[in-house]
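Colleague: Sequence:
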Amino acid sequence: MLPPARHFARALVLSASSALGFGALEPAAHAAGWQEAHQTSDDVRVTVAQDGMATVVHHLRYRVVAGRFKSFDFGGIDPRAEVVPQTVAFPEKGNEIAAKVEPNAKAPGSVRIALDDAKGLGRGIYTVDLTYKLDLVATKMLVRDGAMWRLAWSAPPSGEGHDGARVVFELPPAPTEPRLASTEQAATTVATFRRMPEKDELELVRAHVPRGEGVVWSARVDPKAFPLVTAPELRAAPAAVAASTTPNRVPAALVACGFAVIAGLLALALRTKQAAVAHACAASRSNARPLIPVPGGAAPFVYGAVTVAALAALLWANPTVGALLVVLAMALAAHRAPAVIERPRGPGRWRTVSDEDVLLAQKRPSSPGDLFDVGTTKGRLVALALVAAVASATVLLATRVAGAALAIPLGSMVLVPLFVTGTRAQLPPKPSELSSRFLRTTRDRLARLADLTHLELACVARFGEGTQTFDEVRLTCAPADRIPGLRTIELALAAMAPGGNTAVPEVLVRFDDASAAAEKIARIAPGVAVVPGRAPEEKVLRLSPRVPTPAFAARLLARLSEELEGRRASDRPRDTAGPEPSRPARAWKGKERRTPPGTSKRPSKQNTAIVAAVALA
Numbered sequence: 049m050l051p052p053a054r055h056f057a058r059a060l061v062l063s064a065s066s067a068l069g070f071g072a073l074e075p076a077a078h079a080a081g082w083q084e085a086h087q088t089s090d091d092v093r094v095t096v097a098q099d100g101m102a103t104v105v106h107h108l109r110y111r112v113v114a115g116r117f118k119s120f121d122f123g124g125i126d127p128r129a130e131v132v133p134q135t136v137a138f139p140e141k142g143n144e145i146a147a148k149v150e151p152n153a154k155a156p157g158s159v160r161i162a163l164d165d166a167k168g169l170g171r172g173i174y175t176v177d178l179t180y181k182l183d184l185v186a187t188k189m190l191v192r193d194g195a196m197w198r199l200a201w202s203a204p205p206s207g208e209g210h211d212g213a214r215v216v217f218e219l220p221p222a223p224t225e226p227r228l229a230s231t232e233q234a235a236t237t238v239a240t241f242r243r244m245p246e247k248d249e250l251e252l253v254r255a256h257v258p259r260g261e262g263v264v265w266s267a268r269v270d271p272k273a274f275p276l277v278t279a280p281e282l283r284a285a286p287a288a289v290a291a292s293t294t295p296n297r298v299p300a301a302l303v304a305c306g307f308a309v310i311a312g313l314l315a316l317a318l319r320t321k322q323a324a325v326a327h328a329c330a331a332s333r334s335n336a337r338p339l340i341p342v343p344g345g346a347a348p349f350v351y352g353a354v355t356v357a358a359l360a361a362l363l364w365a366n367p368t369v370g371a372l373l374v375v376l377a378m379a380l381a382a383h384r385a386p387a388v389i390e391r392p393r394g395p396g397r398w399r400t401v402s403d404e405d406v407l408l409a410q411k412r413p414s415s416p417g418d419l420f421d422v423g424t425t426k427g428r429l430v431a432l433a434l435v436a437a438v439a440s441a442t443v444l445l446a447t448r449v450a451g452a453a454l455a456i457p458l459g460s461m462v463l464v465p466l467f468v469t470g471t472r473a474q475l476p477p478k479p480s481e482l483s484s485r486f487l488r489t490t491r492d493r494l495a496r497l498a499d500l501t502h503l504e505l506a507c508v509a510r511f512g513e514g515t516q517t518f519d520e521v522r523l524t525c526a527p528a529d530r531i532p533g534l535r536t537i538e539l540a541l542a543a544m545a546p547g548g549n550t551a552v553p554e555v556l557v558r559f560d561d562a563s564a565a566a567e568k569i570a571r572i573a574p575g576v577a578v579v580p581g582r583a584p585e586e587k588v589l590r591l592s593p594r595v596p597t598p599a600f601a602a603r604l605l606a607r608l609s610e611e612l613e614g615r616r617a618s619d620r621p622r623d624t625a626g627p628e629p630s631r632p633a634r635a636w637k638g639k640e641r642r643t644p645p646g647t648s649k650r651p652s653k654q655n656t657a658i659v660a661a662v663a664l665a
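Take any residue in the sequence shown, note its place counting from 1, add 48, and you have its number in the numbering used here.
Derived from the structure by calculation, the hints contain no laboratory data.
Estimated spans, in silico, between C-beta atoms of each pair:
(1) ARG171 <-> GLY209: 15 to 25 Å
(2) PHE138 <-> LEU444: 46 to 56 Å
(3) PRO258 <-> VAL113: 16 to 26 Å
(4) GLY209 <-> ALA234: 16 to 26 Å
(5) LEU313 <-> GLU130: 50 to 60 Å
(6) ALA577 <-> LEU432: 51 to 61 Å
(7) GLU130 <-> ASP91: 12 to 22 Å
(8) LEU444 <-> VAL464: 19 to 29 Å
(9) PRO258 <-> GLY306: 50 to 60 Å
(10) ARG198 <-> LEU313: 32 to 42 Å
(11) PRO156 <-> GLN98: 22 to 32 Å
(12) HIS86 <-> GLU150: 20 to 30 Å
(13) PRO392 <-> ALA436: 46 to 56 Å
(14) ALA506 <-> VAL595: 18 to 28 Å
All of these numbers come straight from a predicted model, not from anything done at the bench.
All C-beta atoms in this analysis are idealised placements derived from N, C-alpha and C, irrespective of residue type, glycine included.
Based on the sequences and whatever the hints tell you, model everything.
Modeller: If you want it as structure tokens, here you go:
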């Protein structure tokens, strides 16, 4: 028999431990003396299936300070839970101990874990997993919360209080990630979300749980994570719709009408875009090339239908299928760069044109396709208006339709190809556009390098026979007092590819055969091939700037004009045939640098520099 003092202390410890909310340890029958044990932690994992059934696992940790304990009670479990009757106790050192889990008839909602060990648990640290199943729908732990569902699970109250309380909700994957149910919880709870291909995990941690407090862990979850839940209170329509005489038909009809309007508008937009691209390509002698050609002109209708199907899949079906349909719709609306129709150039004539006609950039006439061209002012305004409309619809429906916050912005991506493909920038440039980009800049650079009063500058264009449209523009440059036999110096643009947006400059020096100009050119550009010109007696020297830029082209023109300028007064004849005589001949005061025809002369260093400044064509 225990001494009175020890008996009183033993009864006091047992009564204190049985008051713990987590459970009470029962000492072994033969134990005597001081008995003390504490529960130090309770990590919980709640695994929820698609049908709303949850498997709750309590990972309990106990520390026995003195005495031996053969069983312990654990309370705070829902009476409707299905407890797994078998478990194992793992000591910190030693072999595992089998245990049985039985309902405690004296305390409803609690269980007794009886250890299969006659001696009981001695001093040390032990962990035990307590597992039970719970129907969250039947126990009203999974309820409707607007467009989302609220999952609320109550943990057993803490008898002594402990730090680092943790619960992990393991849920089926869904488009919308689970989150804390309210902003008030964020002040005391730290939430960590982990997304994996087969599941979503939401870990909730509280720094401290006071003594005797039962924590309610709650989160808002996506209903799409539970496709097997068919409870009417969760799947029922909102109250306003349920009161209607036709609760399901009206929303379905409205959704169908809305999708039909969206499909029609998208089909009309793509039809307008394709017609504008085809018209612009016909005017520029090229062929429009949709990325995915659909025969019979059915591409706009297919585009609208695929977009609507993508929205439906993103909202109510598989998001992956919806994303693939969005990509397909974008491909249906996209255009590749037009293919230039290569045709042989017919006969034509060259004539002088004014600078305003060829060197000043002219705006193309407006067309219906400008509404869907982000390179135009109208296109940018329409694009900004659509962005504002999509943002407004997303904000308006985000809290009313599950998944709208993701489906609407992703579905609107089908509009991007309408604005960034099939644009004016992809069309083959007109000759006036190429000349305004390059020839005008070259002329302005040439004005900084040479005295334009001693040069004859003009623009010539080639007009097709019997037409008033030109297909090529060149800049002509020649000294006013040129060397005999020199006709002109032309700067032409040779396209790198038929219909391409880039061209390389090419300098053509036209001169008469067996003339002083021919002798001079042979010395300043030895070894450069000379080709026949437009007339039998005309020869052409073809040169290219070392770098195909306006600055290098202007330097080459200035150097050629200086070298091919006449060096004698006889090279500057006066024109007395007209009604007014031309300007008087200027006497050449510099050193004579032109030798008579037939006289060989070694190329000077200055002339050789021209050859070094150009690359052969």
